[in-house]
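Asker: Now for the letters of each chain:
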Amino acid sequence: MARIDVNHIRHSYLADPRKDSDFALKEVHHTFEDGGAYALLGPSGCGKTTLLNIISGLLRPSHGQLLFNGKDVTNLSTQERNIAQVFQFPVIYDTMTVYDNLAFPLRNRGVPEADVDRKVRETLEMTDLVSWAGRKARGLTADQKQKISLGRGLVRSDVNAILFDEPLTVIDPHMKWVLRSQLKQLHRRFGYTMVYVTHDQTEALTFAERVVVMYDGEIVQIGTPTELFERPRHTFVGYFIGSPGMNVMPVKVEGKVARLGSQSIQLPGALKSAEGAIELGVRPEYVRIGSKGMPVSITKVEDVGRHKVIRAKLEGRDIAAIIGEDDEIPADAKVSFEPAGINIYADSWRVEMGA
Amino acid sequence: MDKTWNNKAWFLVLPVLVLVAFSAVIPLMTVVNYSVQDTFGNNQFFWAGTEWFEELLASDRFWQAMGRNLIFSFIILAIEVPLGIFIALNMPKKGWGVPVCLVLMALPLLIPWNVVGTIWQVFGRNDIGLLGYTVNALGIDYNYVKDPFDAWVTVIVMDVWHWTSLVVLLCYAGLVSIPDAFYQAAKIDGASRWSVFRYIQLPKMQRVLLIAVLLRFMDSFMIYTEPFVVTGGGPGNSTTFLSIDLVKMALGQFDLGPAAAMSLVYFLIILLLSWVFYTVMTNYDAER
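Chains as they are written, first to last, in the working numbering: chain C, 1067 to 1421; chain A, 20 to 307.
Think of the hints as simulated: they come from the structure by calculation, not from any bench. Check the hints yourself; a few may be wrong.
[What the hints assert, rightly or not] Computed, partial: chain A to chain C, Cβ under 10 Å: (1) E70; (2) A200; (3) F201; (4) Q203; (5) A204; (6) A205; (7) K206; (8) I207; (9) G209; (10) A210; (11) S211; (12) Y218; (13) L221; (14) P222; (15) K223; (16) Q225.
[Said to hold, decoys possible] With a cut-off of at most 30 Å between alpha-carbon atoms, the simulated DSBU-like pairs for lysine-lysine come out as follows: (17) C:K1318 <-> C:K1338; (18) A:K223 <-> C:K1202; (19) A:K206 <-> C:K1137; (20) C:K1185 <-> A:K206; (21) C:K1092 <-> A:K113; (22) C:K1242 <-> A:K206; (23) C:K1085 <-> A:K113; (24) A:K206 <-> C:K1250; (25) A:K206 <-> C:K1202; (26) C:K1379 <-> C:K1322; (27) A:K223 <-> C:K1185; (28) C:K1400 <-> C:K1318; (29) C:K1092 <-> A:K206; (30) C:K1092 <-> A:K112; (31) A:K113 <-> A:K267; (32) A:K223 <-> A:K206; (33) C:K1400 <-> C:K1322; (34) C:K1202 <-> C:K1242.
[As the list claims (entries may be wrong)] Some chain A residues well away from chain C (every beta-carbon gap over 12 Å; in silico): (35) N25; (36) L96; (37) L123; (38) V141; (39) S257; (40) F286.
Treat the numbers as computed from the prediction; the structure is a model and nothing was measured. For every residue, glycine included, the Cβ atom is placed at its ideal position computed from N, Cα and C.
This is chain C alone, in the form it adopts within the complex (with noise of 0.2 Å):
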């Protein structure tokens, strides 16, 4: 196991790069520790598969440096940084038994027959393909197929990092739950370093201990799933965690209050700086709707299982507000915001306030 330092990584895929749109990962500098679980979460072409395949060097950067463990590994090729990667699609050996699929990472490096059976057998039993081992590796589901793939990243006892690659996209709702579990389990026990590439949040955030927000080639924000819930540092980080995401509206700030077209709103504190464009950024969970705050007309009631979720206009902006199963929407409804769920964004970026 490795910590994995990203030292001021750009890449891009043409051949001279001139401007920053040209980059595919604009500047990544990061420390991944050893032992963590780690998500990269983002939208589609976000970067994140880049920066992973920069990693497993399947991709050289086009600037910076990469180290494992302060040892500089830019240059190394996949096989010398000893990486384990899982990919979208499971990849198997079609002609081989499950057993022979997992020795064969082994069997290339020239590990002795006696050691190949031991990992081979132990690896095995950690995937729950025991029972499987004999059989061709074609026949098998795309889940076990899927632990094939990872287990041939386990048998290698001194793997750096394990990555993965959106593993679970071709797999059955009810085995994702499954297989995140033995992947988070495998994780405590072993305790790999674990880089997780998804733009599911959920995957994101019940699989990662730190959650590594990507978006247009940057990391917006590394944090717990609790930081990226509570204080989005940009505001796509509030539209793209959560369901729905973040309700983001343009305000003016005058000291404590912010102004909404007509109507003020109280926040928990002053500005510390406020230049750029304000906005207002407050999560469906934290609108209160009720007889007191603001008029809002509203649009629409979706009722999904545990909670409501409220679509309404306020001061001619769309808005979301969730409330609780039972909860009644009064006649003359009214929304106020819960100081504790109040953001403020300059230019995007979040910005602190005072008390």
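Fit chain A to the supplied structure of chain C, relying on the hints for placement.
Answerer: Here is chain A on its own, set in the frame of chain C:
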């Protein structure tokens, strides 16, 4: 629910039935008809029963032609399949090289068979042919008109030139369907170039290879035009394959009965061998 019976629907398949009848069934039946009778001029027919078949199966000439044909098919398969795979593996997967290679590969396939024969007939001649003249100038005694071995070499090289492209194109189609992730995973697993071929590329190409082998076997077993144009079946009978022999018998000697019997046997052999090939290879596929 009651099914609606509408016998007018049969008219929809009628065109196909008529087409197949005229193109295959009726000609085949005339051949069957000829094969059991002896014919003379003035359309006189005499019942011969299985005489022609017995005669055919007892004749050395038939078995020799058949032997030559099998050897020929075996040799060209042994060259074209590995060579085709090799070329396909080395073709570019993206960029401007792809269309260039594909067009170059398709060219031999677009040339009519008798033209291919003519090209090689001229190409191999000692007096004016580029190949024949050059080889002789290098001190190698090469003459496909006189030497059976040279004739064989010429016919085989010609077939390889003409048909390897087919194997290449089929294999290439199989190769480009392999997702990048497989190669990346192989890299991570530390697989050698050979392992990548053996465990990733070959299994993915297997289906198209099956088709390639079948097509090439059937075609080469039925080969007629090209060797006929180049060697006319000679020197002696050394390149007389089944189809050439058949035409000699039917048109050269006008022995319609024996020729018809031979056609039927020939047809059954190809059918049988193709079936065996297909079953063996698909069974192998299912087992794995």
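Asker: Compare the structure with each hint and give your call.
Answerer: Checked hints:
Checking A:E70 against chain C by beta carbon gives a least distance of about 52 Å; that is not within 10 Å, so the hint is violated. Contact between A:A200 and chain C, as hinted, is supported at the beta carbon level, the nearest pair being about 4 Å apart and thus within 10 Å. Satisfaction of the interface hint for A:F201 is found here, the shortest Cβ-Cβ separation to chain C being roughly 5 Å, below the 10 Å cut-off. Annotation: A:Q203 was flagged as interfacial toward chain C, and the flag holds, the nearest CB pair being 5 Å apart, inside 10 Å.
Against a cut-off of 10 Å between C-beta atoms, the interface hint on A:A204 holds, since the closest Cβ of chain C lies about 4 Å away. With its C-beta approaching chain C no nearer than about 8 Å, A:A205 sits inside the 10 Å limit, and its interface hint holds. Contact between A:K206 and chain C, as hinted, is supported at the beta carbon level, the nearest pair being about 5 Å apart and thus within 10 Å. Because the closest C-beta pair between A:I207 and chain C is about 5 Å apart, less than 10 Å, the hint holds.
Among the interface hints, the one on A:G209 holds; its C-beta lies about 4 Å from the nearest C-beta in chain C, closer than the 10 Å criterion. The closest approach between the C-beta of A:A210 and any C-beta of chain C is roughly 6 Å, which is under the 10 Å cut-off, so the hint is satisfied. With a cut of 10 Å, the hint placing A:S211 at the interface with chain C holds, because the nearest CB-to-CB distance is about 7 Å. With a cut of 10 Å, the hint placing A:Y218 at the interface with chain C holds, because the nearest CB-to-CB distance is about 4 Å.
For A:L221, the interface hint holds, since its Cβ comes within 10 Å of a Cβ in chain C; the closest pair sits about 8 Å apart. Checking A:P222 against chain C by beta carbon gives a least distance of about 5 Å; that is within 10 Å, so the hint holds. Taking 10 Å as the C-beta contact cut-off toward chain C, the hint placing A:K223 at the interface holds, the least distance being around 8 Å. A least Cβ separation of about 9 Å between A:Q225 and chain C falls short of the 10 Å threshold, and the interface hint therefore holds.
Distance check on the hinted pair: C:K1318 and C:K1338 sit about 14 Å apart at the alpha-carbon level, within 30 Å; holds. Annotation: proposed proximity of A:K223 to C:K1202 holds, straight-line Cα distance about 15 Å (limit 30 Å). A hinted pair counts as satisfied when its Cα atoms are at most 30 Å apart, and A:K206 with C:K1137 qualifies at roughly 21 Å. Our distance criterion of 30 Å between C-alpha atoms is met by C:K1185 and A:K206, whose separation comes to about 20 Å.
With a C-alpha separation of about 27 Å, the suggested pair C:K1092 and A:K113 falls inside the 30 Å cut-off, and the hint holds. Between C:K1242 and A:K206, the direct Cα distance comes to roughly 27 Å. Compliance with the 30 Å bound is thereby established for this hinted pair. For a cut-off of 30 Å, the pair hint linking C:K1085 to A:K113 stands: about 26 Å separates their Cα positions. For the suggested pair A:K206 and C:K1250, the alpha carbons sit about 26 Å apart, so the restraint of at most 30 Å is met.
With a CA separation close to 22 Å, the supplied pair A:K206 and C:K1202 stays within the 30 Å bound. Restraint check for C:K1379 and C:K1322: satisfied, since their Cα atoms lie roughly 24 Å apart, inside the 30 Å limit. Taken as a hint, the A:K223 and C:K1185 pair is honoured in the structure, with Cα atoms around 29 Å apart against an allowance of 30 Å. Distance restraint check for C:K1400 and C:K1318: the Cα-Cα separation of roughly 21 Å lies within the 30 Å cut-off, and the hinted pair is therefore satisfied.
Using a Cα cut-off of 30 Å, the hinted pair C:K1092 and A:K206 holds, with the two alpha carbons roughly 27 Å apart. Annotation: proposed proximity of C:K1092 to A:K112 holds, straight-line Cα distance about 29 Å (limit 30 Å). Simply put, A:K113 and A:K267 have alpha-carbon atoms about 49 Å apart, too far for the 30 Å limit, and the pair is violated. Straight-line distance between C-alpha atoms of A:K223 and A:K206 comes to about 18 Å, which keeps the hinted pair within the 30 Å bound.
Of the supplied pair hints, the one linking C:K1400 and C:K1322 holds, its CA atoms being roughly 21 Å apart against a limit of 30 Å. Straight-line distance between C-alpha atoms of C:K1202 and C:K1242 comes to about 23 Å, which keeps the hinted pair within the 30 Å bound. Residue-level check passed: A:N25 sits 43 Å from the nearest beta carbon of chain C, beyond 12 Å. With a minimum CB-CB distance of about 22 Å to chain C, A:L96 clears the 12 Å threshold, and the non-interface call stands.
For A:L123, the requirement that its beta carbon stay farther than 12 Å from each beta carbon of chain C is met, with the minimum near 27 Å. Interface exclusion of A:V141 from chain C stands, the closest Cβ pair being 46 Å apart, more than 12 Å. The beta carbon of A:S257 is kept farther than 12 Å from every beta carbon of chain C, the shortest such distance being approximately 42 Å. Under the 12 Å C-beta cut-off, the non-interface status given to A:F286 relative to chain C holds; the minimum distance is some 36 Å.
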